[in-house]
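Student: The primary structure of each chain is shown beneath.
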Amino acid sequence: MAWEDIKRQITDSDVWRSMFRHGYDDSARNRILMVSGNVWLHLHPSKVRRHAVRMRFTWCMGGITFLMFLVTVVTGIYLMFYYRPTAEYAYADMKYLEFDMPFGMLMRNMHRWAAHAMVIAVWLHMFRVFLTGSYKPPREFNWIVGVILLVLTLLLSFTGYLLPWDQLAIWAVTVGSNMGRATPFLGNEGPGAELLGVNPIYDARAFLFGGGEIGTHTLMRFYILHCIFFPLVTSLFLAVHFWRIRRDGFSGPPL
Amino acid sequence: MAARKGPPIDDKIHTWPYLVRSEFLCAIFTTLLLIVWSLLVDAPLEEPANPTRTPNPSKAPWYFLGLQEMLVFFDPWHAGVVLPSLIILGLMVLPFIDINPKGNGYYCFKDRKYEIITFYTGFHILWISLIIIGTFLRGPGWNWFWFWEPWDAHKVEAMTAVDLPYLLGVRDPVLTFIVGGASVIGFFAVGTALMYWWIIRLKGKEFMQRWGAVRFGLTSFLFLNMWAVVIKMLMRHLASIKYVWVTPWLNI
Chain A
1 MAWEDIKRQI TDSDVWRSMF RHGYDDSARN RILMVSGNVW LHLHPSKVRR
51 HAVRMRFTWC MGGITFLMFL VTVVTGIYLM FYYRPTAEYA YADMKYLEFD
101 MPFGMLMRNM HRWAAHAMVI AVWLHMFRVF LTGSYKPPRE FNWIVGVILL
151 VLTLLLSFTG YLLPWDQLAI WAVTVGSNMG RATPFLGNEG PGAELLGVNP
201 IYDARAFLFG GGEIGTHTLM RFYILHCIFF PLVTSLFLAV HFWRIRRDGF
251 SGPPL
Chain B
1 MAARKGPPID DKIHTWPYLV RSEFLCAIFT TLLLIVWSLL VDAPLEEPAN
51 PTRTPNPSKA PWYFLGLQEM LVFFDPWHAG VVLPSLIILG LMVLPFIDIN
101 PKGNGYYCFK DRKYEIITFY TGFHILWISL IIIGTFLRGP GWNWFWFWEP
151 WDAHKVEAMT AVDLPYLLGV RDPVLTFIVG GASVIGFFAV GTALMYWWII
201 RLKGKEFMQR WGAVRFGLTS FLFLNMWAVV IKMLMRHLAS IKYVWVTPWL
251 NI
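For the protein sequence lines, the chains are A and B, in the order given.
Using the working numbering, you'd call the opening residue of the first sequence number 1 and step up by one each time.
Using the working numbering, you'd call the opening residue of the second sequence number 1 and step up by one each time.
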């Protein structure tokens with residue numbers, strides 16, 4: 001049997017047709033079906049502005065931010081298989097990950113650099129959106145969602161910073177969390193601390209740390225925030241963000 | 001092809017293949033770049049965590065170094081809590097205080113001069129350049145070291161900073177409090193008045209009425225706070241001023 005016949009038999013089968021409802025015909029109708037009939041691609045409208053597709057206009061930074069998020073999810077799951085979030089094991093697991101685990105070092109490098117790239121890309125995305133005035137009506141609310149996502153990106157990165165449990169990690173997180181101690185009214189060193197009676201083991205920073213000092217309890221807390229809570233919340237806001245872009249039209253004022 | 005200037009027209013093309021194609025290429029290129037970078041540069045891993053040995057300098061993650069740099073000029077409750085909250089709040093209210101209908105969906109500078117200059121000041125000067133300073137120019141004791149200077153942990157910096165009222169010759173504690181308070185409140189009062197006058201001159205009374213008191217109040221408050229940061233930085237660097245207003249509860 002010729003190759004073409006086999007191909008036709010497969011694509012004409014009931015199973016195939018139940019999954020894929022259209023081929024790759026280059027017709028206007030099919031181009032639209034490609035987008036509207038695909039759960040991932042239908043995040044796009046079926047038509048977009050010509051000028052808005054150009055790299056010079058979009059910089060593609062929002063897409064790159066999302067790509068970096070996906071990379072950290074995939075590499076992060078791989079790292080989670082080998083990492084135990086307690087002070088006793090965490091650092092040893094990092095070493096194991098780097099030296100013994102297949103592709104461990106590459107996965108860790110990709111996870112860390114993608115996280116940094118995500119922070120930079122989300123800033124550039126915000127900058128581009130500002131420059132094209134794309135926060136103006138009708139996209140005001142989506143800009144707010146974007147600001148929330150920016151904060152979530154920083155929180156994701158910050159909670160992940162502690163997990164290697166090396167000197168860099170605990171001291172960077174200590175310095176970064178000292179603001180909790182200085183929060184007005186809620187931190188033990190902030191103005192108005194005596195009003196609510198907060199103290200070093202019962203204030204905003206202790207809530208973040210799970211105790212008065214940074215320790216194994218903090219590691220567990222940051223691990224859960226980093227691997228479950230923030231990724232989940234971020235995914236929810238991403239869904240809203242993308243949906244709103246779709247509803248409000250891609251790039252450019254409503255016509 | 002030059003980026004279009006001016007409001008776009010209805011020039012729609014199909015998402016498949018045009019947009020999907022460039023997204024796909026962009027994703028492949030970025031992933032490749034990331035993999036090559038990850039093969040060449042290893043993520044840092046220092047000695048095991050030791051809560052009894054504080055490194056000098058201790059730095060926050062690089063993206064927070066702008067805020068850590070603020071600790072030089074402000075107390076932690078302001079640098080670490082109030083300023084970041086104001087940044088987030090300021091970004092969130094941006095679409096509501098900017099009611100200029102021009103520049104929606106295309107690049108242009110002429111129609112949105114003041115918006116763009118303000119954003120540049122906040123984003124490039126205050127956020128990015130302070131991160132660069134915090135990363136490369138701050139060494140042990142958070143002292144300033146130029147790129148070519150070795151990080152000397154025993155560098156001695158004379159503590160010569162004084163409070164603004166002291167510099168003005170005020171020694172009496174009550175008067176110090178009053179002068180400091182008058183300076184801070186005066187800055188915001190005069191600043192708000194100047195902004196009001198400036199916007200009326202620039203845009204006219206009709207615009208101010210349409211803009212409304214809430215938008216004007218929010219904008220001038222955020223705008224003045226941003227410039228207060230710049231002014232406080234200059235005061236410290238050029239005139240060694242530590243605080244403007246010293247109170248028993250908090251210092252500004």
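Hints may contain errors.
Residues from chain B shown here face chain A by an in silico Cβ test under 10 Å; the list is partial [what the hints assert, rightly or not]:
id: 1; residue: 16
id: 2; residue: 27
id: 3; residue: 51
id: 4; residue: 54
id: 5; residue: 60
id: 6; residue: 107
id: 7; residue: 128
id: 8; residue: 187
id: 9; residue: 189
id: 10; residue: 191
id: 11; residue: 192
id: 12; residue: 196
With beta-carbon atoms standing in for the labels, derived distance ranges [claimed, not checked]:
id: 13; chain 1: B; residue 1: 249; chain 2: A; residue 2: 213; range: 51 to 59 Å
id: 14; chain 1: B; residue 1: 46; chain 2: A; residue 2: 213; range: 13 to 21 Å
id: 15; chain 1: A; residue 1: 23; chain 2: B; residue 2: 111; range: 45 to 53 Å
id: 16; chain 1: B; residue 1: 111; chain 2: A; residue 2: 116; range: 50 to 58 Å
These aren't lab readings, by the way, just hints derived from the structure by calculation.
Everything numeric in this text was worked out from a predicted model, so none of it was measured.
For glycine and all other residues, C-beta sits at the position ideal for the given N, C-alpha and C.
Student: None of the hints should be skipped; say for each whether it holds.
Tutor: Verification of the hints:
1. 16: With a closest approach of 4 Å, the residue 16 of chain B hint holds.
2. 27: Holds. Min distance 5 Å.
3. 51: 7 Å, holds
4. 54: 7 Å, holds
5. 60: 4 Å, holds
6. 107: 6 Å, holds
7. 128: 8 Å, holds
8. 187: 20 Å, violated
9. 189: 22 Å, violated
10. 191: 23 Å, violated
11. 192: The hint is violated - residue 192 of chain B has no Cβ within 10 Å of chain A, the shortest such distance being about 23 Å.
12. 196: 24 Å, violated
13. B:249 with A:213: 51 to 59 Å: Cβ of residue 249 of chain B to Cβ of residue 213 of chain A: about 27 Å, so the range 51 to 59 Å is violated.
14. B:46 with A:213: 13 to 21 Å: 20 Å, holds
15. A:23 with B:111: 45 to 53 Å: Check passed, 47 Å falls within 45 to 53 Å.
16. B:111 with A:116: 50 to 58 Å: 35 Å Cβ-Cβ, so the 50 to 58 Å window is violated.
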